[in-house]
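S.K.: Fit chain V to the known structure of chain L by using the hints.
2 protein chains.
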Amino acid sequence: MSTSEKIVVKPEFIKQAEFIARGTEVLPDGIIGLATKLQESKENNKPLRIKLGMDPTRPDLHLGHTVVMRKLKEFQKLGHKIILIVGGATAMIGDPSGKSETRPSLTKEQVDFNAKTYFDQMSKVLDIQSAEIVNNADWLHKMQLNDLLKLASKVTVAQMMTREDFKKRYDEAKPISIHEFFYPLMQAYDSVVVDADIELGGTDQRFNILLGRDIQAAYGKESCQFAMLLPLLEGTDGVVKMSKSYPEHCISITEDPINMYGKLMSIPDNLISRYFMLLTDISTEELNNIEARLKTENPRDIKMKLAFEITKEYHNEQAAIMAQNEFVNVVQHKGVPSDVPEYKLDTPKNIVELLVELKFATSKGEAKRLIQQSAIKFENEKITDINTIISTQGVLQAGKRKFVKII
Amino acid sequence: MSTSEKIVVKPEFIKQAEFIARGTEVLPDGIIGLATKLQESKENNKPLRIKLGMDPTRPDLHLGHTVVMRKLKEFQKLGHKIILIVGGATAMIGDPSGKSETRPSLTKEQVDFNAKTYFDQMSKVLDIQSAEIVNNADWLHKMQLNDLLKLASKVTVAQMMTREDFKKRYDEAKPISIHEFFYPLMQAYDSVVVDADIELGGTDQRFNILLGRDIQAAYGKESCQFAMLLPLLEGTDGVVKMSKSYPEHCISITEDPINMYGKLMSIPDNLISRYFMLLTDISTEELNNIEARLKTENPRDIKMKLAFEITKEYHNEQAAIMAQNEFVNVVQHKGVPSDVPEYKLDTPKNIVELLVELKFATSKGEAKRLIQQSAIKFENEKITDINTIISTQGVLQAGKRKFVKII
Chain L
1 MSTSEKIVVK
11 PEFIKQAEFI
21 ARGTEVLPDG
31 IIGLATKLQE
41 SKENNKPLRI
51 KLGMDPTRPD
61 LHLGHTVVMR
71 KLKEFQKLGH
81 KIILIVGGAT
91 AMIGDPSGKS
101 ETRPSLTKEQ
111 VDFNAKTYFD
121 QMSKVLDIQS
131 AEIVNNADWL
141 HKMQLNDLLK
151 LASKVTVAQM
161 MTREDFKKRY
171 DEAKPISIHE
181 FFYPLMQAYD
191 SVVVDADIEL
201 GGTDQRFNIL
211 LGRDIQAAYG
221 KESCQFAMLL
231 PLLEGTDGVV
241 KMSKSYPEHC
251 ISITEDPINM
261 YGKLMSIPDN
271 LISRYFMLLT
281 DISTEELNNI
291 EARLKTENPR
301 DIKMKLAFEI
311 TKEYHNEQAA
321 IMAQNEFVNV
331 VQHKGVPSDV
341 PEYKLDTPKN
351 IVELLVELKF
361 ATSKGEAKRL
371 IQQSAIKFEN
381 EKITDINTII
391 STQGVLQAGK
401 RKFVKII
Chain V
408 MSTSEKIVVK
418 PEFIKQAEFI
428 ARGTEVLPDG
438 IIGLATKLQE
448 SKENNKPLRI
458 KLGMDPTRPD
468 LHLGHTVVMR
478 KLKEFQKLGH
488 KIILIVGGAT
498 AMIGDPSGKS
508 ETRPSLTKEQ
518 VDFNAKTYFD
528 QMSKVLDIQS
538 AEIVNNADWL
548 HKMQLNDLLK
558 LASKVTVAQM
568 MTREDFKKRY
578 DEAKPISIHE
588 FFYPLMQAYD
598 SVVVDADIEL
608 GGTDQRFNIL
618 LGRDIQAAYG
628 KESCQFAMLL
638 PLLEGTDGVV
648 KMSKSYPEHC
658 ISITEDPINM
668 YGKLMSIPDN
678 LISRYFMLLT
688 DISTEELNNI
698 EARLKTENPR
708 DIKMKLAFEI
718 TKEYHNEQAA
728 IMAQNEFVNV
738 VQHKGVPSDV
748 PEYKLDTPKN
758 IVELLVELKF
768 ATSKGEAKRL
778 IQQSAIKFEN
788 EKITDINTII
798 STQGVLQAGK
808 RKFVKII
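Going down the list, the protein sequences come from chains L and V. Per this note's numbering, residue 1 is the first one in the first sequence, and the count goes up by one each step. Per this note's numbering, residue 408 is the first one in the second sequence, and the count goes up by one each step.
These aren't lab readings, by the way, just hints derived from the structure by calculation. Since the model is a prediction, treat every value here as computed from it, not as a measurement. Wrong hints could be hidden among the right ones.
As the list claims (entries may be wrong) - Here are the computed lysine-lysine pairs in the DSS-like style, where the Cα-Cα straight-line distance is at most 27 Å:
no.	chain 1	residue 1	chain 2	residue 2
1	V	K531	V	K651
2	L	K174	V	K484
3	L	K405	L	K344
4	V	K549	L	K150
5	V	K557	L	K150
6	L	K81	L	K15
7	V	K807	V	K484
8	L	K168	V	K581
9	L	K150	V	K575
10	L	K174	V	K557
11	V	K756	V	K719
12	L	K142	V	K581
13	V	K531	L	K167
What the hints assert, rightly or not - Computed spacing ranges between beta-carbons, pair by pair:
no.	chain 1	residue 1	chain 2	residue 2	range
14	V	K484	L	D165	49 to 59 Å
15	L	A218	V	K581	12 to 22 Å
16	L	K116	V	K581	17 to 27 Å
17	V	D519	L	K168	27 to 37 Å
18	V	F520	L	D147	18 to 28 Å
19	L	K221	V	K484	19 to 29 Å
20	V	V600	L	A173	28 to 38 Å
21	L	K116	V	N451	48 to 58 Å
We put the beta carbon where it would ideally sit given N, CA and C, even for glycine.
In isolation and in its complexed conformation, chain L is listed as follows (with noise of 0.2 Å):
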């Protein structure tokens, strides 16, 4: 490695590294490593290649899956080469055991589709054209019996136990089987074959990621791909990841941009700096005064600052106006928004149930509790009986951004 030979790194470089790595965990050599890596690249006028392999199930974009792609993005600013690995291979096996329904065999169509869907969104942040993208598929289904027994001779299994999940599961007796072993192999191999030099990935990906790395070396790779981990992203709720599984608390990149000012305007206060960090190009020193601001002033105030930006970004300028005027008029001066859906209400009904055919709950529990919580409000009165009748015209709220006028 670079400090063994003893290169001196440049600030410049340091401060690349610094800016790009903020907020993740890079292995082995943390940024230091990084740091070394892109000056050798720009001194040997040699792009670096970064990699991200994407499993093309889930084709809807949340804000969580944007953290790295406005690392790829990063490294593009920087002329290095992103490499798009659509995992057509895994896609196409499914979980071969069978015990799962979670994870179906999807079609050579389907893992195209999905793959083009993801592409059209990742655009929204990256230059999606410039990136490489190929298929796994491509190489991996042409490996013969004598390809993967020599990868697979390549790792033994004390290391696979050393991933905490498969250690886990072991030491619990719970069954692994061995097919499971080829996923982190492949993703490895998949590194060999495009010559990574980087690869990025959640912090659940370390294992595979850095025996990405052994294999590159076992292939013959001088220089093997560093790991930079990224943080999952709490959803608003500044508690779980951000995740389709709970949408009020996920933000789609194709949220409307009243939703997605709004929703944003809902997390913690204590998330405000880390959701500037991870969402924004914010430089480190804006991060710096927004920290400090955030200790003496009214947190709002720099939350709508972050509102703005992101919807701005998604969306344009105009339409993050538009959306913070609304939020002003109907959140902080507690006004109707300027524009309410209507409901033909044809006979007089329970709240509860009234409350499920809006949609504003999914269940009459759910129903049950939002009353029970104070969310709902007809006419700006707060309802507390679940047995109310709503039979007369007028506004019903739920929540804080929920509408609509009962005709």
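M.R.: Coordinates of chain V only, in the frame set by chain L:
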């Protein structure tokens, strides 16, 4: 299984099973299970498919190899089908870890040549013409990634770790490469492809053959294969297993009649009955009779019958008679063989160097040991001094059966 179906097993099939399984272990259901399979086969007029996998890397067969071949021959006599699987896939892969020099990768031509040599030798014991001979390269090399992962998904890591050598190495923190898991998997998959009813192998094949049962079940076979585990035949010293690595205790099936007979006469008495059981067609009654005689008669006479029978089988009756006469003359009557090679001594020579030159010893060290063990005679006088110089004509003898006439 049969027992749960309350099949009444007829005595004739019990007798067949007892004869064919003698000296072996049959899993999972022992003699009764085997008898049931034999009976069902007969009643359904559906010959059993008896599998033997062969690693075509050692073309010189010795009596140790014939133990399993005799079992195959017995199955053939009962009308069952022998399936010989040449391990072409395994052999061509060699040891992909590159850690061992002992199993070099073989080309297809080498595999074919070795296999042919194998079959030529096997035809001395069984009817090779009516056996089904296949090469697992024909299906294993055609497997695609998906097929291999499907196969691998049928077995868990914990299951693999019950194989003793894996468990031992894992516990001792010695490396097990992932590809090693594929050898038992491929062998097991062979059983699916050839639809085996019984697989024969050494006791070290217990795990692999039983895995074949599991894999057959996983691929939908109803009545899965039995394992018939054969003992390792001891070499003529009665201690370590017969192996080419100890040529002095190993009897090749192409060994000349005099050496074959002589080596058989050198086995310890406690092996006589075992050699009869594993290396001849002697009936159960005769075997019992021999065991009784061994307690009262001179074992040498019974051993001579053994040596005669085996020499006759691999050569012919005349050769066996000749070998027996030679043995009686040389060993019992301390005579010199009828046909001793001559060696022209140009100049007086030290006994140690001479023994090496004559190939009576493979090294000076061995030559010295032979002298110290009183195994060397010149003109019927023991040589005890390693500095002895041979300068006259006479018969030089090493051990019981090596002679040269110095002229």
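S.K.: Any of the earlier hints contradicted here, and which numbers?
M.R.: 2, 7, 11, 12, 13, 16, 17, 19
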